[in-house]
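Top to bottom, those sequences are chains A and B. Quick note on numbering: the first sequence equals residues 26 to 111 in the numbering used here. Quick note on numbering: the second sequence equals residues 133 to 701 in the numbering used here.
No wet-lab data here; the hints were simulated from the structure. For every residue, glycine included, the Cβ atom is placed at its ideal position computed from N, Cα and C. Among the hints, erroneous ones may be present.
[To be verified] Covered, in the sense of this in silico footprint (three residues per stretch, anywhere, with C-beta under 8 Å from a C-beta of chain A), are these stretches of chain B:
1) 200-211
2) 234-244
[To be verified] Distance condition first, Cα-Cα at most 27 Å in a straight line; then the derived DSSO-like pairs of lysine-lysine:
3) Lys178/B to Lys65/A
4) Lys82/A to Lys386/B
5) Lys49/A to Lys447/B
6) Lys59/A to Lys260/B
7) Lys49/A to Lys178/B
8) Lys203/B to Lys59/A
9) Lys412/B to Lys49/A
10) Lys59/A to Lys206/B
11) Lys178/B to Lys62/A
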Amino acid sequence: MLKREIKIQNESGLHARPASLFVKEASKYNSEIKVIKGEKEYNAKSIMGLLSMGASKNQMIAIQAQGADEELAVNSLIELVSNLAD
Amino acid sequence: MKGLGTSPGIGIGKIFVYKTTEIKVIRENIDDTEFEINRLDKAISKAGAEIERLYKLTLANMGEKEAEIFKAHKMILEDPEFYFAVIEKINKEKVNCEFAVKETSESFITMFEDIKDEYLKERAVDIKDVSTRLLRTLLEIESVDLLSINEESIIVAEDLTPSDTAQLNKEIVAGIVTELGGRTSHTAIMARTLEVPAITGIKDILKNVKHGELMIIDGTTGEIIINPREEEIFEYENKNKKIEELKKKLQNIKGQDSISKDGYKVEIAGNIGTPKDIDKVLENDGEGVGLYRTEFLYMDRDRLPTEEEQFEAYKAVAEKLGKRPLVIRTLDVGGDKDLPYLNLPKEMNPFLGYRAIRLCLDRKNIFRTQLRAILRSSTYGNVKIMLPMISNIKEVRDSKEIIEEIKEELRKEKIPFDENMEIGIMIEIPAAAIHSRSFAKEVDFFSIGTNDLIQYTLAVDRGNQDISYLYNQYHPAVLSLIKMTIENGHEEGIWVGMCGEAAGDEKLIPLLLAMGLDEFSMSASSILKARYLIKNTSKEEMASMIEEILGLSTAEDVEGALDNVLSAN
C-alpha cells in the first residue's frame, strides 16, 4: 500500500473538469485507489465520490492505492493534481 | 386550428411530439437477483450508447462546449459508487432494479442538493437527468430528444426550455408549435432568432395530434392544418414561394440607408443573445446592435462567467461591428430567467422582485466583473452600456459611480478603454417613462424595452396564457408612454431607441418613426423589412396622425387605424 499527500493549489479545486480528469486517470489503474480528506475516504474512480468530497484550494488530501500498479497510480495522480489549472 | 403566430414563415413537416413522460416506479419483491443485476447492466450500456450518440450529435451541430455535458453524464452513469449502491440494494432488499435505481439516485440527489457549494448543488440536476434516462431505458419508455429528429419535422410541445432550443437543428426543424407562451416567450424569441416558423399558445394541441402526422403551419397568421389535403399542400408551397420572392426584394435594399420618404434617417439595428448571432445581423445589413442580451453568457452553465470569458465575447462582437454601435445590456436575470447557481430566492412576484439592476447593485462582484469586461472591450469598437430595469435615479447614479471606480482601476492598471463610452438605460418601467425628463439629464441614451413596459403598464403577466389577450402593444396608454419618453429624451438632447419586440412590428414602425424614434432594434430577420417600410413612409405625413391615433379609445381601434396606414403604403 502506498499513500502520498498533496495540497490542492488550483483556484477551483477538485471540482467539475479537474474531478473528471482525475477519475479518468484513476480508472486506468487496477489498484484500489482512495482519496482521503480529513477522516473520510472516497473512491478515486467515482465522480460522485469525488464531487461529494468537494476539495478546494489549499486543502490537503491524501491519495492511497493498493495493488500491483499502486506506485504508478499514486505518482501519476499526484502529478495530475499538482498540475491542475483552472 | 389557430394559435398565435410568433415567428413568421411557412413550415411543412411531420409532427414530432415532444413530451416528457412521467415515470412511475413500483417496488416489487424479487427472488432472482442475478436477473435484476443483468437487466441493470444491459440498461446501463444501452443508456450509455444513447448518451454517446447525443454527445456526437451535439459536437457536430453545436460544438465542443455544448457537448461537454454529455461526457459528464456518461461518467455519472458509469460511476462505481452509484453502481455498487444499486447492486447492494437489489441484493439486500431483494427489490426490482428500477426501484433500486430510483432510491439510490434519490439519495445521491439529496446528498448533492444539501452541499453548500453552488456548483455541486447543480450536479444534482445531472444525476436526476441520468437516472431518468436509465429508468426510461429499464421501463422501455421511448425517450425523445430534439437531437434525434432526422427528417423535416414540426415540433409540438407544451413549451421549450433554453436547453431544448439549444439542441434545435434549424436545417431540419420546419416549425415549432407550443401550448404555452406568447410573442415574447423564450420559445417565440428563439424561433425568430433561428428563423424557424413558430406558433405558440395553442391549448390542448398535444391532445389533438399524433406523432408522425403531416402538418402545415403558418407562423404569420398562426394557422395550423393537421393532415392537409393535396391542394392545401400545393397552396402553402406557393405561399412559401411568394415569401421567398419578397425576401429577394428585401435583399436589393441591402447596403442602403434607412431614410424615410421625406428624408429622415433612422438606425435599424439587431438584437443578439450570443456572439454568433452577430452574423445574422450583419447578413441582414443591421446598422448596429441595439441590444446584446448578456444573460446568455451566464446560462446553461454551472458558475458565473469570468471577466476574461465575458471580455472575449464582447470583444468579438465589437470587432465584427467596427464603427457600428454595440449596446451591451448588463445582466438581466431574475423574473422568468433563473440562474440555478445563484440560488435566487423563490418569489411570489418574480417580475416585481429581485432581478436585473436590483440584483447587480446588491451582488456587486457580479456587476463589477461584467462592467470591467465591457469597459475593456470598449476600445475594440463602438461600445455602449445599457442598464436594465431602472426605476429610480439612485440606481443610475450608483451604477455610474461603480463604472467610474472601475475606470479608475483600469487607468491605474494601464488597461485601455473608451473614456467616452455612452451609458444609457432601458425604459421599461412606467415610472421611468413618466419621469423620463429627469432620467434624460443623467444618461446618454434611452432604449425603450416594450416587452416589460407593456407588462408593467397593463399589469399583465406576459407568460400567463389566460390573460394574454390583455397584453397588447397597441394600447393607447403604452403608446402615450412611448411618445412621452421620446419627447423627453429629445428635450434633453439624447437619442432614444427601442429594443422590444414592438420595434420590429410592421404596424407600429410608421407611428414610431413619426414620434421621432432614432433607433429601432429588432430580431435580425425583421431588419430589412423594417427598412423597406421606413423607405416607403413619410414621417411628416404620419406625424399629422399621431394625435388622432393616440386619441382612439381602444387598442383594437389603434391597431385598425395602423392597419389602414400600412395597407395604404
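For each hint, the structure was consulted:
no.: 1; hint: 200-211; verdict: holds (count 5)
no.: 2; hint: 234-244; verdict: holds (count 3)
no.: 3; hint: Lys178/B to Lys65/A; verdict: violated (34 Å)
no.: 4; hint: Lys82/A to Lys386/B; verdict: violated (55 Å)
no.: 5; hint: Lys49/A to Lys447/B; verdict: violated (35 Å)
no.: 6; hint: Lys59/A to Lys260/B; verdict: holds (26 Å)
no.: 7; hint: Lys49/A to Lys178/B; verdict: holds (21 Å)
no.: 8; hint: Lys203/B to Lys59/A; verdict: holds (23 Å)
no.: 9; hint: Lys412/B to Lys49/A; verdict: violated (40 Å)
no.: 10; hint: Lys59/A to Lys206/B; verdict: holds (21 Å)
no.: 11; hint: Lys178/B to Lys62/A; verdict: violated (35 Å)
In this structure, the earlier hints numbered 3, 4, 5, 9, 11 are contradicted, and the remaining ones agree with it.
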